[in-house]
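Keeping their order, the protein sequence lines are chains A and B.
Quick note: to get our numbering, add 168 to the position in the first sequence (first position is 1).
Quick note: to get our numbering, add 8 to the position in the second sequence (first position is 1).
Since the hints were derived computationally from the structure, they do not count as laboratory data.
The C-beta atom is built at its ideal place from N, Cα and C for all residues, glycine as well.
Errors might be hidden in some of the hints.
[Claimed, not checked] If you want the ones that stay clear, here's a sample from chain A, every Cβ over 10 Å from chain B, calculated:
#1 Pro282
#2 Ala299
#3 Ala328
#4 Ala576
#5 Gly599
#6 Val637
#7 Pro725
#8 Asp731
#9 Asp757
[As the list claims (entries may be wrong)] Lysine-lysine pairs mimicking BS3-like chemistry, simulated, CA-CA at most 27 Å apart:
#10 A:Lys291 <-> A:Lys593
#11 A:Lys411 <-> A:Lys212
#12 A:Lys737 <-> B:Lys63
#13 A:Lys411 <-> B:Lys63
[What the hints assert, rightly or not] Using C-beta positions, here's what the derived DEER-type ranges look like:
#14 A:Thr464 <-> B:Thr95: 35 to 41 Å
#15 A:Thr464 <-> B:Ala86: 42 to 48 Å
#16 B:Pro39 <-> A:Arg741: 55 to 61 Å
#17 B:Thr50 <-> A:Ala744: 27 to 33 Å
#18 A:Gly362 <-> B:Thr50: 33 to 39 Å
#19 A:Asn360 <-> B:Ala86: 25 to 31 Å
#20 B:Ala86 <-> A:Ser423: 48 to 54 Å
#21 A:Asp334 <-> B:Leu114: 44 to 50 Å
#22 B:Ala86 <-> A:Ala259: 34 to 40 Å
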Amino acid sequence: MRLEAVALHAVLLAGLAFPAAALPAAPGKIAGAYVPGEVLVQYKAGAAARSRTASLAAAGHALLATLDGRGLVRARVAPGQTVAQAITAYASDPAVEWAQPNFVYHVTAVPDDPGYPYLWGWKNTGQTVTAVATQPPGSPVPYATDNPGAAGADMGLEQAWDLITDCSGVVVAVIDSGVNYTHVDLAGNMWNGGAAFPNHGYNFVSGAASSDPMDRNGHGTHVAGTIGAVGNNAAGTVGVCWKASIMAVRVMDASGSGTTAAIVQGVNWAVDHGAKVLNMSLGGPGLDPAYSASITYAQGHDVVVVVAAGNEGSDNDATPSYPCNFTQPNLVCVAALDQAYQLATFSNWGASSVDVGAPGTNVVSTWPGDSIGDTLDAGWSGSTTTAAGGWGYFALSGGGSALVDPGAGFLTASYADGTDDRAWKSFDLSGATGAVLRFYATLDVASGDYFRVAWRTAAGDPFGAGTVVVNETGVNNFPTLVAATPLDISACAGTTTCTIGFQLATDASVNGKGVGVVDFSIGTVRPNAASYNTENGTSMATPAVAGLAAMVRAFNPGFTFADTVGAIKGGGRLAAALAGKTTTGMAVDAMGSLAFINPPTGLAATVH
Amino acid sequence: MATVPWKTAIAAGLGLALSACGGGSSSKSTPPPVTPTDHLVTISWTANREAGVNKAGGGYTVAIAGMAAIDVPYVTGAAAPTSTGVTLRTGTYTATVTAYAALDALGGATGSRSAPSQVLTIVVP
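Next up, chain A with everything else stripped away, as it sits in the complex:
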């Protein structure tokens, strides 16, 4: 921890010695933190010990300690009396030189994680967020709007960290694409599943169910780091909670897709195994009774469920998005705010369906491994069956290069008839335990012609001896670039010759404009990864609130889900951009939620 002498000290020092006669009338407020129920009293030099005893007795106070030999004592105030009232009472005591609160001094908790300055949502200094060193190629950052934003537009975590950094008593389940539980910034904060669940969770992805919830996508690992990347470990980033208990529940595959069956199983399993907060940064348009029932099941087990509003930039009241639009009282739906606390351009909203806002742009967090990119301008081997065919490189007007077919005349000409064009390249994935292939493509491939992607673990042409993972025909989005669904090529991980190939195989009939591939990368999963990435989305805002839910429950161990939801919604700070667009108009605020007090309930009177 970096200890910072904060400006607060100066404030306290200025108010350190209140002359008794100058004290405010009770029940005045005292600036700064002090020990409740205690005062320090300085007796005049001439006041005998007997006078001090009488003075304390007259005030109804109890002597706790004599602090020096010059008349300074520490006393407990009378029951029901505030410290301000006690100090005021001493003003009329002729034996007293002055009285004051027993102030509390502390350092402001600032973690030593080197990535902390990126985390504007925790402390916004007006910093500009740039791509981090291990950023995968093609990541959609930075989010240009309001970067930099406004200093102070943040969750106020430093003040909260003065009170609590350890949320490990509250299990938070990340219902997502899994978590790289070996990441250097997460391993120490993973849920202890004992011998039954040695990998800190479970994998419910259809066809792959197992006790290993390793992340093949990255989304879940990013979410987990926002909740609880280990704090103050001089590495990477820091989560809302410095210490946490993160349960990895894998319900989405490498492409980021999951089924109702997997999600319901995951939610129920997490609830049954002790999770008290669920993070669900996922959603869809369909009203799903089974999904809703799982949220109700969580409610019945006193579990808070924090969900994302969605990234369509639309009104959820008009176009529902689930689970956000479910109405269970244990649900908190989160919109994304940018660095100026404006609603992010992509964020959904809803005056009656979305509850709060949280930081959701340029969010830096943990990532499952490094990414291996390619500039697509050298090193690709190729073959063609026609003189006019073949892949080639194409210089992009904005810089960079694309792998294209036709290799000559791309954009203006069509591809060749009756050709089989192939291009491939090997990549070193040694040490990786998982891999996902990502790229963007523009396609105009006529029906009967085929665009294919294949991989193999050895060098050489992967078509024929490898595994085909894309086989498209009759598709045209030309010239728009579309992100290909991430492809799980984990079976290729660990080799030095993971070979990726592209094929355009055509017949003799109608031709299209061809294929262009850009932003090629292979995202790896590596043991003990120390990788980070910057992402945008309500998916990224949601874990900030889930982390806060864990913090609030850890701070108040007796809290129910209703208490926790009340503190999150009621303890926020008003954000103009959320007025009329959320149920509360609030951006979440950590200190506000820790200090929030729910109204008493259950009043009754008995007349005797």
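Given chain A's structure and the hints, the job is docking chain B onto it.
Chain B in isolation, oriented as in the chain A frame:
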């Protein structure tokens, strides 16, 4: 058994109710004067679960309309008291309870207070 029309039965019932309240028009006598008397009234509520309410500097305030607020501070043990006694004279009163703690939303100790509870009506005979 003879059946009784619903209208008749309801009218009879209303008459009975009015008589019970001393409002029957057939009686010319003046009801006996009510002598105001003091009663001890215990007001209770469910314990708040905020840690700050249940330690030094925390507690509750009971507000009874027209009277000085009653402070019910944390004193010792695991929780602040959740009841208080008050002497009330014959009449109808409304009461609310707020909870408070030393911690404030800026991390200082100027204190926080909850919104009031739902209003409780107390009828003292």
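Each hint tested on the structure:
1. Pro282: holds, 25 Å
2. Ala299: Fine: 33 Å to the nearest Cβ keeps alanine 299 (chain A) off the interface.
3. Ala328: Answer for alanine 328 (chain A): violated, closest chain B Cβ roughly 7 Å.
4. Ala576: Fine: 66 Å to the nearest Cβ keeps alanine 576 (chain A) off the interface.
5. Gly599: The claim holds: glycine 599 (chain A) sits with its nearest Cβ about 45 Å from chain B, beyond 10 Å.
6. Val637: holds, 52 Å
7. Pro725: violated, 7 Å
8. Asp731: The claim breaks: aspartate 731 (chain A) does not keep its Cβ more than 10 Å from every Cβ of chain B (closest is about 5 Å).
9. Asp757: The claim is violated: aspartate 757 (chain A) sits with its nearest Cβ about 7 Å from chain B, within 10 Å.
10. A:Lys291 <-> A:Lys593: Violated, because 44 Å separates the two Cα atoms, which is more than 27 Å.
11. A:Lys411 <-> A:Lys212: violated, 48 Å
12. A:Lys737 <-> B:Lys63: Holds, at roughly 24 Å.
13. A:Lys411 <-> B:Lys63: holds, 25 Å
14. A:Thr464 <-> B:Thr95: 35 to 41 Å: violated, 47 Å
15. A:Thr464 <-> B:Ala86: 42 to 48 Å: violated, 32 Å
16. B:Pro39 <-> A:Arg741: 55 to 61 Å: holds, 57 Å
17. B:Thr50 <-> A:Ala744: 27 to 33 Å: violated, 46 Å
18. A:Gly362 <-> B:Thr50: 33 to 39 Å: violated, 48 Å
19. A:Asn360 <-> B:Ala86: 25 to 31 Å: holds, 28 Å
20. B:Ala86 <-> A:Ser423: 48 to 54 Å: Given about 51 Å between the Cβ atoms, the range holds.
21. A:Asp334 <-> B:Leu114: 44 to 50 Å: violated, 22 Å
22. B:Ala86 <-> A:Ala259: 34 to 40 Å: holds, 35 Å
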